[in-house]
Structures are given as structure tokens and as C-alpha cells.
Amino acid sequence: MANPVVAIVGRPNVGKSTIFNRLAGERISIVEDTPGVTRDRIYARTEWLGHPFNLIDTGGIDIGDEPFLTQITEQAEIAIEEADVIIFVVSVKEGVTDADEKVARILYRTDKPVVLAVNKVDNPELRADIYDFYSLGFGEPIPVAGTHGIGTGDLLDKIIKEFPKDATNEEDDSIKFSFIGRPNVGKSSLVNAILGENRVIVSNIEGTTRDAIDTRFETEDGAKYTMIDTAGIRKKGKVYENTEKYSVLRAMRAIDRSDVVCVVLNAEEGIREQDKHVAGYAHEAGRAIVIVVNKWDTLKKDNKTMSDFENLI
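So in the UniProt record's numbering, the last spot in the sequence shown is 313, and the numbers never skip.
Treat each hint with caution, since some may be false.
To be verified - List time: in silico SDA-like cross-link candidates among lysine to any residue, alpha-carbon distance up to 25 Å: (1) Lys176 <-> His51; (2) Lys102 <-> Gly137; (3) Lys276 <-> Lys304; (4) Lys165 <-> Thr215; (5) Lys300 <-> Ser189; (6) Lys165 <-> Val85; (7) Lys165 <-> Phe138; (8) Lys112 <-> Thr46; (9) Lys112 <-> Gly137; (10) Lys93 <-> Ile106.
Hint data in this document are derived by calculation from the structure and do not stem from the laboratory.
Values in this document were obtained by computation on a predicted structure and should not be read as measured data.
All chains, full assembly: derive it from the sequences and hints.
The structure is reproduced here in C-alpha cells:
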């Protein structure tokens with residue numbers, strides 16, 4: 001089963017990145033007082049009381065016409081769509097704002113559990129002000145102070161209570177593997193080639209990742225495999241699914257559910273930064289890794305081409 005995904009959302013400058021860093025246990029997001037500094041989603045793998053999960057920090061949701069704000073909002077909404085649990089961060093210093101209410105309306109449209117975190121409650125006198133946030137409609141607000149770590153234990157306790165229960169207890173002795181890589185590195189062709197060569201497909205199973213289908217098949221020698229397909233590899237869905245940023249979260253989910261991770265590189269383009277991130281996450285998750293260099297036939301080769309690429313890897 002893939003680790004649950006927890007997304008931290010809210011309007012700009014309420015302290016989302018500070019809370020993210022506190023929950024992740026390391027300083028990953030850039031923390032500044034300038035609204036909009038976290039433009040894209042930042043990811044971390046963490047755990048609480050033996051419950052591992054993936055944490056996403058998002059840019060602040062702001063409803064506006066500027067392209068920059070539109071991009072931030074789109075990234076946050078993608079994270080919301082993929083999340084199992086949402087932390088809605090507000091600030092006790094400003095009280096309930098129009099922007100908070102706009103974010104709340106976005107969250108109303110989801111069918112996801114929302115944990116309301118009132119940040120910057122760094123002294124007892126401010127605790128009485130948190131009750132104003134009941135008006136947002138997400139139940140009891142949890143007071144926290146991300147800078148000092150106050151209340152983060154209570155916040156984490158609430159989050160793990162909202163994790164989805166694993167409804168699948170079926171034993172599976174197959175080897176699970178996935179192809180991970182940037183868009184257009186040739187994952188689809190590899191998937192299709194494998195399924196074309198191994199036509200004994202036992203079943204298509206709905207995966208725990210939304211929009212994903214796992215394909216079980218057996219080879220002629222009786223070996224059993226389950227290919228974990230991230231959405232966007234074999235299926236066409238929303239326009240986000242072929243963007244580079246969106247593919248990261250899909251890759252993280254697939255890695256968590258795989259025994260073997262095949263990191264696909266494009267021989268024509270070499271190794272990019274996202275290739276390193278994906279391979280690094282697979283390594284941190286303790287998965288076996290196979291590096292697949294696709295489109296090798298398109299390169300002009302000499303007697304050093306192979307060794308040069310191996311050294312690059």
C-alpha cells in the first residue's frame with residue numbers, strides 16, 4: 001500500500017513552510033516572510049508513531065489573475081487532489097480573512113478530511129482567538145506555533161487518525177515493479193513492450209493510487225509480476241498528468257508500492273535534476289533500483305559511449 005499523502009495548504013504567508021519543516025524534521029522549504037515564496041510543491045517522506053506518510057508543502061492559494069498566482073493556485077489544487085489528508089493552515093495573527101474563506105470554499109469541493117491548523121499561537125493569550133476559526137466549517141481548530149514546534153504533536157495525532165484504512169488484505173507473492181521517470185523519456189513504450197511480450201495477463205487491479213491500474217502477469221516460466229502503473233503512463237487524464245512537476249508525486253506513490261523501481265533515463269538528454277530526485281527517493285525508501293537508459297539506439301556511438309554514460313550515472 002502506498003504511503004498516505006498529506007498536503008499543507010492555505011493562503012500565502014500563514015507559515016505553511018515552517019510547519020512543513022517542523023513536521024518533516026528538516027529544513028527543506030525556503031522560509032521567508034514574503035508571500036508566494038514557495039512556488040511549487042516540496043515533498044518529504046516522514047512518519048509519526050510508526051505511520052509513514054508523504055508530506056507536501058504548497059505555494060499559497062491566492063485567487064488572482066496574475067500568471068504567477070494562477071500557477072501557484074494550480075499547483076496547490078493538484079496537491080489537494082492527490083492528498084489523502086489536507087492540513088489547512090491559517091494565522092491567528094490576522095484572524096479569519098477573505099482569502100481564508102476562499103481557500104475553504106476550494107476545500108469544500110473535495111471529499112477529503114481537512115485538519116484545521118491555526119498557526120502562530122506562540123503565547124497562551126492567543127489561544128482564545130482560535131475559536132473564531134470554527135466559522136470556516138472544519139471542526140475544532142488545532143493551535144500550533146510552527147516556529148517553536150508548539151502543538152505539532154497534537155496536529156500529527158489528528159492527521160494519522162484521518163489516514164485511510166487499508167482495505168486489501170489479499171496475499172500477493174508477485175514481484176512489484178514500476179517505471180519511473182520524467183515525461184517523454186519513453187516509459188509508455190517500455191510498458192507496452194513488456195505487456196506485448198508477456199501476454200498472459202492475469203488481471204487488472206485497481207491500485208490504491210487514484211486513476212492507476214496494476215497489471216499482474218506471468219512469464220512462461222511461471223514467475224509472477226505486478227506492474228504498478230502510475231496515472232499518466234498508460235492512461236490519458238487531466239492536462240496536469242504530463243507535466244514534470246505533477247509526475248513527481250505519482251512517482252513517489254509508485255515507489256512506495258514497488259519492490260523494484262526502474263528509473264528510466266533518456267539517452268538523448270542525459271541525466272536531469274528530476275532524475276536524481278526520483279532515484280534518490282527510491283534509494284531512501286529502500287527499494288531495489290534498476291537504471292534503464294532508453295532511446296539508446298538514437299545515439300551516435302563510439303567505443304567510449306557506453307563507459308562515458310556509465311560514469312555519468
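Here's how the hints hold up against the structure:
1. Lys176 <-> His51: 22 Å, holds
2. Lys102 <-> Gly137: Cα-Cα ~12 Å, so holds.
3. Lys276 <-> Lys304: 23 Å, holds
4. Lys165 <-> Thr215: 23 Å, holds
5. Lys300 <-> Ser189: 21 Å, holds
6. Lys165 <-> Val85: 12 Å, holds
7. Lys165 <-> Phe138: 21 Å, holds
8. Lys112 <-> Thr46: 20 Å, holds
9. Lys112 <-> Gly137: Satisfied, since the Cα-Cα distance of roughly 14 Å is no more than 25 Å.
10. Lys93 <-> Ile106: 22 Å, holds
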